[in-house]
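K.L.:
Make a model of the complete structure from these sequences and hints.
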Amino acid sequence: MNIPILSILIFLPLTGAILFIFIPREKTNLLKYLTVAVTVLTFLVALPLYFNFDGSTADPQFVETAEWIGYGINYHVGIDGISLLLVILTVFLFPIAIISSWTSIKDKIKEYLIFMLMLETGIIGVFLSLNLFLFYVFWEAMLIPMYFLIGIWGGKRKIYATVKFVLFTMFGSLLMLVAIFFLYSTYYKASGIYSLNIFDFQKLILDPGVQIWLFLAFALAFAIKIPLFPFHTWLPDAHVQAPTAGSVILAAVLLKMGAYGFLRFALPLFPDAVQKFLPLLAVLCLISIIYGALMALIQKDIKSLVAYSSVSHMGLIMLAVFSLNFEAMEGAIYQMLNHGLSTGALFLCVGILYERSHTRLIKDYGGVSKQMPVFSAFFLVCMLSSVGLPGLNGFVGEVLCLFGIFKSSHILAAIGVLTIILGAAYLLWMYQRVMQGPITNDKIKSFPDLNKREIGFLIPIIIMMFWMGIYPRPFLRKMDASVTHLLHQIKSRTSVSASVQKEEKKLITKTKEEKTEESKEKTNILLK
Amino acid sequence: MNTYIALYPILTIVTGALLIILLEVFLKKEKKDYLGFIAVLFLLVSGAECIKFWNKGFSYFEGNLLLDKFALFFFLIMILTVIFITLISLKYLSLQNTDHGEYYGLLLFALSGMMIMVSSRDFLVIFLGLEVLSMASYALAGLKRNDERSSEAAIKYFLLGSFASAFLVFGIALLYGAVFSTDISTIMNFFHAETSLSLMGLTGMAFVIIGFGFKIAVVPFHMWTPDVYQGSPTPVTAFFSIGPKAAGFAVLMRIFFPFWKEAVNSEIFFHILWILSVLTMVVGNLVALRQKNVKRILAYSSIAHAGYILVAILAGDNSGLVFYLTVYLFMNIGAFSAVIALSRKGKEFLELEDYSGIGFRYPWIGATFTVFLFSLAGFPPTGGFLAKFYIFSSAVHKGLVPLVIIGVLASLISVFYYLRIIIYMYMRKPTRNVEIFSYNPALFLVLFLCLYGVLMLGIFPGNILFYIKQAVAALAF
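Chains as they are written, first to last, in the numbering used here: chain A, 1 to 528; chain B, 529 to 1005.
Calculated directly from the structure, the hints in this document are not laboratory data. Warning: the hint list may mix true and false statements.
Stated by the list, open to error - So the derived label-pair ranges between C-beta atoms look like this:
#1 B:958 with A:156: 12 to 22 Å
#2 B:933 with A:7: 29 to 39 Å
#3 B:555 with A:24: 35 to 45 Å
#4 A:484 with B:987: 29 to 39 Å
#5 A:446 with B:958: 31 to 41 Å
The model shown is predicted, which means the values in this text are computed figures rather than measured ones. All C-beta atoms in this analysis are idealised placements derived from N, C-alpha and C, irrespective of residue type, glycine included.
P.N.:
The structure is reproduced here in structure tokens:
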């Protein structure tokens, strides 16, 4: 097969965005339908990837390479078991996000759609790049559309939120860039070849002392993106201020990029440093879990409640990642998808409510389910999926994660379970206050129930929630080989660099001895 | 072969300048635009001559005039700059009541000065070029005779500029006293060979650095920049932010290229430049945060960019430096063109408040300006990112990790104020009635070309890099 399917996938939305520049802004309907067409087409392009993907090998597939700028900066994309599902999640959610903003975005719709498409290109690019330069280009370029999406179509404090988002993210990624330079230079010094290829860097054996700094730089960039406590402060602001579709993409996909970064770069490249920092990272994850959940409990705003629940859930995912065993890793990746679906769906539901009432405060609601029975059913499923009810997707992921965590540490698992307990507490309580009880606010009585469009974009998500909860095998099967390979890499490389280090130490001591002998001889000669 | 052939590119420019000043007397006020077109014509001829000379490698008057690929590349950069500046000035001058025909002549004189600077290895000739450039620049800064700020700019520039020139001459004199030569390579050889520390030589060298530090606006010699940049007519500001800087850095490259390798005292100068670079990056960016005038923001940003370029000098990454200057040309002229585009008869819109809601009111200007700002901030996939990528990666390669960390954090600060302009343009409701004069095809041509340049250099820089490598290779001889 010679169709450059990944390149089409990456650049199709961008092409759409560029074409849109030439469509007059008055034709809003044409623009909207075209955007949906482009995103659905992207989804259809991605589907064959899933079916033709060979789950039995960890090598990247559908690889495309091309000379680009030279000096190791090449166009190099490919997909493996870890990125496959995240890409599918991205292209699955984009049409939904766009349909969800059909009526809520009223002015400057043309720019809005252009930025959404640019964002899609950026995100897919991040997941598919195998060249660090290319990765970084997409990673940074993706900030630009997100910056505008929050800044132009956001809420009251949009400017504060968007600047905070950009500066936080850039702070981390610029330091990561320095680390990339360092790897680039180290590889050149070691092999005489310029390269920015991830697989080349994985062959590098780095001094553990150097690894610490490089790992910290990478980890900071990704921890901000995830976000782990204490780097999470941008998240509630960005989420609350962003328009619904922006929140959906932010929660469902952008946060996963941080976790993906750990899996793809930080863990396999710096195995020694990972071992050193595991306890610290695990503690940060635990704090994220508990802190996020407690903060979610006391939120008055539904959107920031969901935002803090993301912090808590991402904490569990990362805790599973850092457990470094097969079950936990698979659970973590699976849970990333689940979290994408369920949190995305929750944001959609909040968006639906907000469109009707223009308030996000929990106290303004109550008894909505009487007025909107269909909506209350959908909302209930999304909420339970986030809680982790058996039969829905969240359960499978969380159980796998916790099994894995339990295998490596009982205490961590015991505390990690709190995600589920507290999660059930704040979500159910929120549901109760918003949807049940008597109708206190007269405005609610005028709420129409879901229209066809809203049912239309929620149904695919609900179907996926049930499917992934009842029959997860087809998804897990695709990542088995990649996860095994990743774990193997981390474990084997730790021992390799440790042994090399020992040898080096021997060498150093030897040379020292030789030197002392030499100097002794010299002094002897001088004495004579 | 006739020796004087080598002078053709410079002679063409000087002839053009003289012709324009002569014609100015005979032309009516409404037809001053023709002078601009004449200038562009001469610039194009000169550019064509440079391209023709590319593979020849002239060296005349005992090395006092070098037309190596390095010089030719800089000729081309500068000619392109002046072409752009001329095009964006055409309407601006009549709108702002400064349509003096001498303007184009002065621009060409300044250009000839810069060309002399980059095409010599002799300090005296370089100084000659610098003075030609400076004299023309002082006059350009004060072109808006009736505007107080413009006059202030001219006087400040003149006083501090002559101060800097004095430093430079003194430095050259001291170097001559130590080495008995004004030839850069001889002087550098002296630094290589010298075993005992010669105070005179070191002081001379330091003074030369100070002299050029003024020209390229390095902190702490930057004090003149904001006022001069703000006061000068905007196209002139655009010119100042690129032309003299490119020339200054070209000379610094000629000085430091042979210097780093094994110069005995290079350590001291390395540390001095290290500190200057850090100061320039940090101070330039920090002060820019507080500015409310777009021209001043761009002035401080250009100071900060000088700091990044100094990193390239420290890293010895000459091709990265030349690439940076090339990208910088496109993005900075582009940004200034966008600022010029937002003006009307007798009025320029320069306060941040004026930019509220501009992005949706004038979508094309807003969008291109945004791209230039993102490029200045170093976002991919623009040229600004690739330029920083090269400089910082080679600096890390040389082991200058702390410097690079300071550099990237400084550029993080810069993101804040570049984004602030974008915030005003797109995320605020318009508060002032900004009506602009929009029929300005030459300006829009420049905007488009700069946009093209910034994106091309960011995505497909292959060809340019190829020529830059050739140009830099010429330094070694």
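K.L.:
Please go over all the hints and tell whether each is borne out by the structure.
P.N.:
Verification of the supplied hints:
| no. | hint | in the structure |
| --- | --- | --- |
| 1 | B:958 with A:156: 12 to 22 Å | holds, 19 Å |
| 2 | B:933 with A:7: 29 to 39 Å | holds, 35 Å |
| 3 | B:555 with A:24: 35 to 45 Å | holds, 43 Å |
| 4 | A:484 with B:987: 29 to 39 Å | holds, 37 Å |
| 5 | A:446 with B:958: 31 to 41 Å | holds, 34 Å |
Violation of the numbered hints given earlier is absent; every hint is satisfied by the structure.
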